Structure formats: C-alpha cells, structure tokens
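Student: Here the working numbering is used: the first residue of the sequence shown is 4, the next is one more, and so on.
Hint data in this document are derived by calculation from the structure and do not stem from the laboratory. Among the clues, some could well be false.
Stated by the list, open to error - Capping the alpha-carbon separation at 35 Å, the derived lysine-lysine pairs in DSBU-like fashion look like this:
1. Lys90 - Lys136
2. Lys126 - Lys102
3. Lys90 - Lys8
4. Lys258 - Lys287
Please read these numbers as outputs of a predicted model, since none were measured by experiment.
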Amino acid sequence: MADVKIFRRLALQLQAGSSYEDSAMFLMPFNTNSLNQTVDPIRDDSIIGEGFDDIPQLGPTHQVGSITQNLDVISCAPILEACMGSKVANVYTFANHAKKLSSCFLNSVSANQYANSYIKRMKISGSSANLIKLDYDLFGTTRVVRAATSEFPSAPTAPGNPFTFHEMGGINGYVRVGDAVDGLTSSDNISIEDFSIEFNGGFDEQFDNVSVLSMTPVYGMTPFQVSGSFRLSRYDNNQWLTWADNFTPLQMEMKIYKSATENITIRIPRFNISAEITDDDLPKMNITMGIGRNGTGTSYKNANMTFTSPMQITVDNS
4 MADVKIFRRL ALQLQAGSSY EDSAMFLMPF NTNSLNQTVD PIRDDSIIGE GFDDIPQLGP
64 THQVGSITQN LDVISCAPIL EACMGSKVAN VYTFANHAKK LSSCFLNSVS ANQYANSYIK
124 RMKISGSSAN LIKLDYDLFG TTRVVRAATS EFPSAPTAPG NPFTFHEMGG INGYVRVGDA
184 VDGLTSSDNI SIEDFSIEFN GGFDEQFDNV SVLSMTPVYG MTPFQVSGSF RLSRYDNNQW
244 LTWADNFTPL QMEMKIYKSA TENITIRIPR FNISAEITDD DLPKMNITMG IGRNGTGTSY
304 KNANMTFTSP MQITVDNS
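Let the hints inform the model, and build the full structure from the sequences given.
Tutor: Here it is, written out as structure tokens:
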C-alpha cells in the first residue's frame with residue numbers, strides 16, 4: 004500500500020538503556036515530522052584515465068529532524084523531561100539534560116524505529132485564534148530500523164486535549180509580568196496576541212573515525228540558552244519602554260488553563276527586555292526577552308521564585 008500522510012502515527016518515550024525501547028510510549032499529536040536518516044556522500048574524483056567519477060562512498064550518516072505538535076498535559080511529559088533534564092512531581096527545571104528518547108514513526112510502509120535521540124532545541128509558542136504548539140529538533144546516534152508496520156507500539160498513552168491560545172486568559176488563565184521585587188498578582192496581568200519561548204542546549208552532531216554516525220553529545224559543552232518574545236495587543240503606556248531603558252530585571256508567570264486537571268504554569272524568574280513599537284494603525288509593542296539564571300545555589304536574585312533555572316514548567320494532569 005502506498006504511504007498516505009493522514010494515516011501516519013508517531014510515538015516516543017524516554018529511553019533508559021542503550022537501545023530502542025517501546026514499553027512506555029506516548030502517542031504524539033503531531034502536525035509535522037521531518038525525522039529521517041540521511042547520508043552525506045563522499046565524492047570519488049580520483050583520476051585513472053577515465054572521463055567519469057566513480058560512485059560516491061558512504062559518508063557521515065545523520066538521524067535528524069524537527070517535530071511540531073499540539074501542547075497538552077500528557078504527551079509533553081517525555082519532551083519536557085528530555086529537554087530540561089529535571090522532573091520532580093511534574094515540575095520541570097533545567098539541569099543535566101543528557102536524557103534521550105526512543106521513537107517510532109509509522110507510515111503505510113514501515114514502522115521506523117529511532118533510538119538514542121537527543122533534543123537540541125525546543126520551543127513553546129502560540130498566537131491568537133490558534134492552538135498552542137510544542138516543537139523540537141532531534142538528532143540521534145544510531146541507525147534507524149525500518150520494521151514491519153505491526154511493530155508499532157500497540158497501546159501508547161493517548162495525548163490530552165490541546166490548549167488554545169485564549170486559555171492563557173479568560174477566568175483562570177493569565178500572563179503576568181512585573182519587576183522582580185514583589186510577587187506577581189492579578190494586577191500584573193497583561194494582554195498579548197502571540198508569544199514564543201525557546202530553549203537551545205547546544206547539542207549538535209560530532210563525527211569521528213570510529214563510526215559514520217554522530218558521537219554521543221556531551222552535556223555542558225555550551226551553556227543553556229533560553230530566549231523569549233511576545234507581542235502586546237496594544238501600546239497604551241510607556242512602562243515597557245521605561246523598563247527597557249533601565250534594563251530593569253523582570254519576572255513572568257503564564258498559566259495555560261483548560262481545567263483543574265489540565266493546566267500548565269510557566270515561570271521565568273529573571274529577564275530584561277527590549278521594546279519596539281509597531282507601525283500598525285493601532286500600534287502594538289514587540290517585546291524581546293533576555294532570560295538568564297536566577298542566582299546560584301540557594302541564593303536567588305528573585306526571591307519570589309526559589310529556583311535558579313531560567314524557567315520552570317509545572318504540569319497539572321491529576
């Protein structure tokens with residue numbers, strides 16, 4: 004049977020061992036998936052008195068791709084833990100993020116099994132009148148196994164309900180920003196029309212003489228980088244320009260609320276901003292966040308949020 008996109012499925016899980024695992028898979032509500040195995044051919048342009056090159060030789064082999072999916076309280080679990088590194092009672096913070104994933108991508112032809120995959124970038128984003136998205140870049144250190152379609156996990160954990168952008172507002176959801184002095188309250192609520200928070204761990208492919216596949220990445224090779232941005236729906240005061248001019252340390256809390264058992268809270272303890280007024284008929288304001296750590300050890304520069312991680316995500320799926 005020829006492959007048909009609508010019938011494809013993707014499942015993944017945290018991987019504890021050194022090879023592919025499928026005992027605790029999550030079914031991912033994905034929109035796009037470019038995870039694939041590709042090869043860089045090495046050209047043979049030697050001259051032996053003939054007018055043509057010989058066929059290329061096998062070069063570096065890549066297991067790479069990007070996945071975009073809906074954000075929900077169930078399927079996000081393995082992605083957040085693999086990316087951020089630390090999970091304590093459904094609270095995720097940045098730590099040693101050298102955790103890896105197994106995944107299985109089913110099409111009409113085969114069940115493609117990927118092992119030892121690492122997250123090099125993750126982004127949570129949303130905009131008005133759309134679902135909130137989670138997207139991430141993967142790369143791996145082992146070859147794909149193209150198994151029979153019957154090898155797709157038989158009972159992966161189903162995803163939760165997708166979050167809509169307006170569930171960051173309404174009765175129980177909110178976005179709050181204020182200076183990093185007092186705790187945030189409802190008086191700090193703001194109105195935005197889009198947002199993006201992105202993490203980059205510095206992981207990347209590295210090759211050596213031992214294998215054509217990438218080496219296992221080294222945690223801490225480069226610092227974590229967390230960045231963010233959002234757009235204020237209306238420019239109606241100069242507070243943001245004052246904060247930008249003075250490089251005032253700010254804090255943020257975002258509550259994405261569908262129900263008492265399906266909500267996510269994102270907390271960013273310390274950042275400063277740059278602000279740009281748009282040229283729309285009704286001017287808006289683009290805010291770019293410079294996000295950093297919240298002190299060291301147990302010495303927190305913003306005492307309202309007692310963690311040093313640049314971001315904390317709490318998932319309530321009870």
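Student: Check the structure against each numbered hint from earlier and tell me which ones fail, lowest number first.
Tutor: The structure breaks none of the hints.
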